[in-house]
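Just so you know, the sequences run in chain order W and G. Using the numbering used here, read the first sequence as starting at 472 and increasing by one per residue. Using the numbering used here, read the second sequence as starting at 2 and increasing by one per residue.
In short, the hints are calculated from the structure, not lab data. Keep in mind that a hint or two might mislead.
Stated by the list, open to error - With a Cα cut of at most 20 Å, we get these calculated EDC-like pairs of lysine to aspartate or glutamate:
1. W:Lys476 / W:Glu555
2. G:Lys107 / W:Asp582
3. W:Lys476 / W:Glu526
4. G:Lys180 / G:Glu192
5. W:Lys596 / G:Glu179
All figures in this text were calculated on a predicted structure; none of them were measured in a lab.
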Amino acid sequence: MLNIKDLNAWYGESHILHGVDFNVNEGEVVTLLGRNGAGKTTTMKSIMGLVPRREGHVTFKGAETIGMMPNQIARAGIAICPEERGIFGSLSVTENLMLPPIVAPGGLSVDEIYSLFPNLKERAKTAHGTRLSGGEQQMLAIGRILRTGAKMLLLDEPTEGLAPVIVQQIGRTIREIKNRGFTVLLVEQNFRFAATVADRHYVMEHGKIIDMIPNAQLEANMDKLHDYLGV
Amino acid sequence: MQAFLSYSFSLFGTPITVSALLGQGTLGLINGSFYACLSLGLAVIFGMLNIINFAHGALFMMGAFASWMLLNYAGIGYFPALLLAPLLVGAFGMLLEKTIISRLYKLDHLYGLLLTFGLALVIQGLFRNYYGSSGLPYRIPAVLQGATNLGFMYMPNYRGWVVLAAAIVCFVTWVTIEKTSLGATLRAATENAPLVQAFGVNVPRLITLTYGGGVALAAFAGVLAAPIYSVNPNMGDNFINTVFAVVVIGGMGSIMGSIVTGFGLGVVEGLTKVVYPQASATVVFVVMVIVLLTRPRGLFGKAA
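Chain G with its partners taken away, still in its complex shape (with noise of 0.2 Å):
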């Protein structure tokens, strides 16, 4: 196991061993499981809406920042946050969708964007108007401190636990989505949204819920990011660039699509430190480019 792990070979005159690619790669698969999570919200939103959500980076932020909140006001610790935390936000985005996005429903998408893009702006503007650009500090709960060897690498617990927690809720939204009667009534609506009406279905409030709870799923994973980054206004923005293009490289509108596709191209990009270090901050747009080239839908699109 040792040989094996400290095995080395040379790819452009870099020397790389084994143990360097699987910790890297596992390392990845933190910063995937914020893509994921991020992109399924995003991907359940554009079924439903048609709007593509450009502030879900914002969202993802006031996850963070309500987890902040919830300890430093109200002394309500990590855990009970990683519930009420995208609940309150989720409510926050519902509201939102209820009094200005479902305005736009009629209109073509590209103000539907323009309408969230400036929502983003506007959220992190108050932000920093309150809490400046400098960052609060969040500290990993007590139980999650410490770390494991893995063998190849010692993996902070917390990490894993963010691989894990994210995983579950990746599954369970695909679950509800994919082998529920609401997973169904949603899927019939993205399909023909008037007829599903017409069955008796309150589409509108249907529509409101689904923001909810896409914005829900960026809040989860801000909170699930307040320990590891520093909780800021513009936490969102590293991150969002990269959502998108794991939601065009999975498939617009696509459910396991951008599950598979965030943890993978967190797994690239680790894998990417690795071979050529320079470019791991655009390997993901190189394999967008590339996916965008040969299958124009995204890995996961279907056929129009």
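Okay, chain W solo, but in the shape it has when bound (with noise of 0.2 Å):
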């Protein structure tokens, strides 16, 4: 569904990704683990079109989308849930989630959102969309993408700085969504949590992927694991 080859990018004078190469096929849930900085939201930036400067290949569903704008990549199919929530404080929590325009049909009703997301729900009249809780931000930013019927979904460190029990939440929604046919590609650095939701797992280095694990091999890699994360 979304194939990646050679792709590099530069902020400024800094070249950040050195001919990253990976792919994501429909239906699957697809992590990104690395330490801080090896490149992952640079790669998610990348293939947003969020990045100064790309070259390279950026395929989905087999269309070229590097001269593509940001707008035009959503409008394909992708949707981005950022690093930082990107909540609106000047929006309020309804408006927060009813703003990325839907760009296909079959995307989750407001109803299903609040479903997953009950907490949402009871906070939807709050007038400014950063005076919630950080657990419940995250699950506005991820529930406003479920809307847009964007069925390719970047998803950059949901579980940062979050307590278990929304971390617990968070994983439901991925297994959930995933069921219901959305493909994930997920930047982590709990590799702890990846491994409760995905199918496979890139690492990165220093702006490259280094490995691919399949989720079933996990286990048995745990010690390269451990070196590649430096935990």
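With the hints as a guide, dock the two chains, each given alone in a separate frame, to form the complex.
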């Protein structure tokens, strides 16, 4: 569904991605693992067209998107839940939820999103999205892209800094949307969490993919993984 | 009532009556209407483009000229012009944004200020070249001629209409920005434009439309001003200095702030004409200094 080949990206003079290669098949949950600064978030932003300069190939459903604007990539059916969650303080919770335009049929209804995240329903009237707790903001950031009908979701560290009970809820949500046919590319620091949701794991280092581990072989590769992640 | 209106007291050695205060305060609302429309347009543009639009006074003037041209070249009267002139001048603004202003977004704000200042000079120069600077007359439409007795003053009907029309347009703009989904997209793009674009919104087009909208507000004020002031290439200059002070007092980019401050400062100016006429031209700047010393972000400005 998403094929990335020899992807390079720059911020000003700094060359961040040095030829990233990987692919995500339809219906899969795939993680990008790696230390801080390995280029995971830059990879997400590059797929979305949110870096100043990128080269290489990002094909989505067979179409090359490297020359597209971010809004065109979104309309093609890719949606991002960014690292800092990207909740808008000048918008109410409901306005935040309704902000991303519908890009294709088949997204979740608002009621379905509320049944995944009952907290959001209770807080729907909150006037400023940033008044929500960190966990609620994360639910909102995921919930609002489920509405759009985009079937390829980029989730950038959705569990960062959250309480274990909320991490579990987000894990359940990812499994639920996988069952509904969504495809997910997940950036994670926490590979124990990643192991509970993902089909495959790519390991990044210095702006490159250095390994791929199917989830079933994660236990057997634990030593190698500890070494990669420095934990 | 009469006794109350003619009650008089003395301030700075000037005898002041209640009816004079009410009268000048009401007249102040008229200037306030122009301040509100103009500063609202500036606030909308600043919020989205991060550019202080120095061409605003020239675009206001173009609104007045557009209504004069529509009447004299095409026979189109005041009320259709109230809609058509803002659309025409707004379209001109979008053309400016698309072809010239949009090239500066990657640079410091200062360049946008310099560019729009230059555009203002070019536009004013062109109009001065073709129409001179002595001013062209524009008649008040027949239905709005005459005056109404308010008890404390005779209010010219046209000026009452200006206050009403400006208040309606300001209110509609506020509702659009604060209460609609288009407004939510605008506010979100003001906060984090790249993310809004990554959701599938064509942000560059939104910016062009926003600039057009802000310019249309200036042109609308220009049409309202045409029958009151003579239509001349420099008519924006008298307003624009005060309007920039209004924007600073209200808080850069604040929608409600620019509306309330615009009308409010018009009234303050009017009242000053009664109490201490010599200060009426400078009172707005005195207020600006006081506000900046006590609330540097303006009355309605949000903390960064």
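Hints versus structure:
1. A C-alpha spacing of about 27 Å is found between lysine 476 of chain W and glutamate 555 of chain W, which places the hinted pair above 20 Å, so the restraint is violated.
2. Between lysine 107 of chain G and aspartate 582 of chain W the alpha-carbon distance is near 41 Å, which puts this suggested pair outside the 20 Å criterion.
3. For the hint pairing lysine 476 of chain W with glutamate 526 of chain W, the CA-to-CA distance comes to about 10 Å; that is within 20 Å, so the pair holds.
4. The straight-line distance between the Cα atoms of lysine 180 of chain G and glutamate 192 of chain G is roughly 17 Å, inside the 20 Å bound, and the hint therefore holds.
5. This hinted pair checks out: lysine 596 of chain W and glutamate 179 of chain G have alpha carbons roughly 15 Å apart, not beyond 20 Å.
Hints 1 and 2, counting from the list given before, are not met by this structure.
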